[in-house]
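J.: Here's the letter readout for the chains.
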Amino acid sequence: MNPRPLLMILLLSLAACSARERTTELSAIDPFGGYRYGSLSKSAPKQPSKTFVVMTFSGGGTRAAALATGALEGMASSIIDDHGTPINLAEQIDIISSVSGGSVAAAYYGLHGQEGLPQFTANFLKRNVQGHLIGEALLPWTWFRLATPSYARIDALRDYFDDNVFDHATYDSLLNPKPAPQSRRPYVVLNAADMSNGAVFSFTQDQFDLICSDLAKLPVADAVAASAAFPVALTALTLKNRSPCKAQSDALKDELSGWKHSDLAKREGPPRPVSMTKALESQAEHPGRYRRGVIELGYLNEENNAPYIQLLDGGISDNLGLTNPLTLMTSTDYTPSILSRINKGEIDRIIVVVVNARSEPDNSYGASAGPPGLISTLLTTIGTPIDGTSFAMLERLQAILTDAGAEAVETKVVPVDFDFITDPGCRRRFKNIGTSWGLDSGEVDALLGLGSAMVRKAATDLGGSTLGKSPTVDEACSTLAAVD
Amino acid sequence: MALTWVLVLGPKGEDEDEEVFVDSKFAESAGMTNNAFRVQAGSLRFSIKSGRKIISELDVKITKRLKANPFEVDLSDPEKTPPLD
Chain V
1 MNPRPLLMIL
11 LLSLAACSAR
21 ERTTELSAID
31 PFGGYRYGSL
41 SKSAPKQPSK
51 TFVVMTFSGG
61 GTRAAALATG
71 ALEGMASSII
81 DDHGTPINLA
91 EQIDIISSVS
101 GGSVAAAYYG
111 LHGQEGLPQF
121 TANFLKRNVQ
131 GHLIGEALLP
141 WTWFRLATPS
151 YARIDALRDY
161 FDDNVFDHAT
171 YDSLLNPKPA
181 PQSRRPYVVL
191 NAADMSNGAV
201 FSFTQDQFDL
211 ICSDLAKLPV
221 ADAVAASAAF
231 PVALTALTLK
241 NRSPCKAQSD
251 ALKDELSGWK
261 HSDLAKREGP
271 PRPVSMTKAL
281 ESQAEHPGRY
291 RRGVIELGYL
301 NEENNAPYIQ
311 LLDGGISDNL
321 GLTNPLTLMT
331 STDYTPSILS
341 RINKGEIDRI
351 IVVVVNARSE
361 PDNSYGASAG
371 PPGLISTLLT
381 TIGTPIDGTS
391 FAMLERLQAI
401 LTDAGAEAVE
411 TKVVPVDFDF
421 ITDPGCRRRF
431 KNIGTSWGLD
441 SGEVDALLGL
451 GSAMVRKAAT
461 DLGGSTLGKS
471 PTVDEACSTL
481 AAVD
Chain S
1 MALTWVLVLG
11 PKGEDEDEEV
21 FVDSKFAESA
31 GMTNNAFRVQ
41 AGSLRFSIKS
51 GRKIISELDV
61 KITKRLKANP
71 FEVDLSDPEK
81 TPPLD
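Read top to bottom, the protein sequences are chains V and S.
Sequential numbering of the first sequence, starting at 1, is according to this note's numbering.
Sequential numbering of the second sequence, starting at 1, is according to this note's numbering.
By construction, these hints were calculated from the structure, which means they are not laboratory data.
Please note that the accuracy of each hint is not assured.
[Said to hold, decoys possible] Derived lysine-lysine pairs resembling DSSO-like cross-links, with alpha carbons at most 30 Å apart:
#1 S:K53 / V:K42
#2 V:K50 / S:K67
#3 V:K412 / V:K50
#4 S:K61 / V:K344
#5 V:K266 / S:K53
#6 S:K49 / V:K266
#7 V:K469 / V:K50
#8 V:K126 / V:K457
#9 S:K49 / V:K246
#10 S:K61 / V:K266
#11 S:K64 / V:K344
#12 S:K64 / V:K412
#13 S:K53 / V:K344
#14 V:K253 / S:K61
#15 V:K46 / S:K49
#16 V:K46 / V:K431
#17 S:K67 / V:K253
Based on the sequences and whatever the hints tell you, model everything.
T.: Next up, the structure:
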């Protein structure tokens, strides 16, 4: 039998595959529905308190996901006082904002809560995902798929997450977890970087209103893969932008949709959110707000000439995932506006747990007169801006929180960060854990222990208490030393 | 960060303070009438609603002010503050 016709049929069928569009057009803009902070209370209420808790998870592959998971375990065993009522820190988490590797842990926690962490550790953190992906990449079938528009290198990671980690869950599962949780799950904001403007692209319905897409129908794996699309090694993840659309025009008829004609006085022009129109008028008084308005205007695609969005690793824009929480603390334009809650006296304490798995591998660049090789230069070029952005934002955080809060608001930043390990040898070992999707089991245990220990220590510093036994920082150091 | 203080005067004759919405973000109020609160400086729209109906609305350019001397936004008379669109 001549194999050539079969091969031709195969190649033609592959060529007929169209690119993945991923998004689904939004049927109506509803500021009271969709994946937004306020909607989460419908599945389960949050225990009332005046403490607002934000967690941010950095990038760094499995190293970041493990450190974040350890921090979540530490939150579950930490109790603090809120106006005479003991509150469990894990049950008080309002928002988790994450990038890259941290997004895997954040999304899994949003879907399965505290009960899911042991399974996440066994089925993801301690799996050699990297080995699996490399094995897949070597298969001839993968080469054929990569030759089609419907499959790019990012899809290998995306499909692994979808099949093996998130079990095909969509954002609707984050909104309506089954079984219904006992207490309200955090609002999980996964962040990627938009190649066209360099800005943070957050997977929230507020953002998806602008591209006229229904986030509830998007697989969680798409968002996590976009957030973790490390440049060069992986391609960008492409989303179809469905704006402009009928839902945006229809929103003009609903007084409470928040959308009006771009010219508010003359009632003319394309539909835009009022907050965007106002931001575009604020160039002199508030350049940061104006810049956000300009970026958002681009997503409306009013010229109809940019129907696709290319997303890369969120760490390129902000490797700590702090941009979104900082905006919520200093603006009334986005929900949940922490500033608005401070205004109304609903919050008198903000706790921000910043989980930073930044690496700093040993190198010998300073010991040689010759310039580093191409690969080293490329990795440094990609990694240096990521880490530089993170540091600048961390330094500004305390000042911004103090400025945003009214007099009575107490702010506490809890760093879960290798830089806060006092033993220099241990600190160096943690910083030398590689960035990959496959770590040694002992390295994972050490990271889990360290994350938990740092949160528990912060809880006692806040006058709280901790439940059960958990490794100390010294014990986590010993666990890692044993791996070496 | 360009945060500033505003004081929104509510409708006359109302005993209770009303929720104030900024830039038509009706899912979450930004503060209450007759109580100074913080907003970002610049061009903003202030609204008061009753159910699904907006009863008073005003577009204002807010400049930097301290809490002791907040920027006053007068929504006390719906007749004088019709929606601009």
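J.: Look at each hint and say if it fits the structure.
T.: Right, here's what the structure says about each hint:
1. S:K53 / V:K42: 24 Å, holds
2. V:K50 / S:K67: Measuring from Cα to Cα gives roughly 22 Å; hence the hint holds.
3. V:K412 / V:K50: 14 Å, holds
4. S:K61 / V:K344: With Cα atoms ~22 Å apart, K61 of chain S and K344 of chain V stay inside 30 Å; holds.
5. V:K266 / S:K53: Roughly 21 Å separates the two Cα atoms, so the pair holds.
6. S:K49 / V:K266: 22 Å, holds
7. V:K469 / V:K50: 28 Å, holds
8. V:K126 / V:K457: 26 Å, holds
9. S:K49 / V:K246: OK: K49 of chain S and K246 of chain V at ~26 Å, within 30 Å.
10. S:K61 / V:K266: Answer holds: K61 of chain S to K266 of chain V is near 18 Å, not above 30 Å.
11. S:K64 / V:K344: It holds: about 20 Å lies between the C-alpha atoms, which stays within 30 Å.
12. S:K64 / V:K412: 27 Å, holds
13. S:K53 / V:K344: It holds: about 22 Å lies between the C-alpha atoms, which stays within 30 Å.
14. V:K253 / S:K61: 26 Å, holds
15. V:K46 / S:K49: 27 Å, holds
16. V:K46 / V:K431: This hinted pair is violated, its Cα atoms lying about 36 Å apart.
17. S:K67 / V:K253: 37 Å, violated
In summary, the numbered hints that this structure violates are 16, 17.
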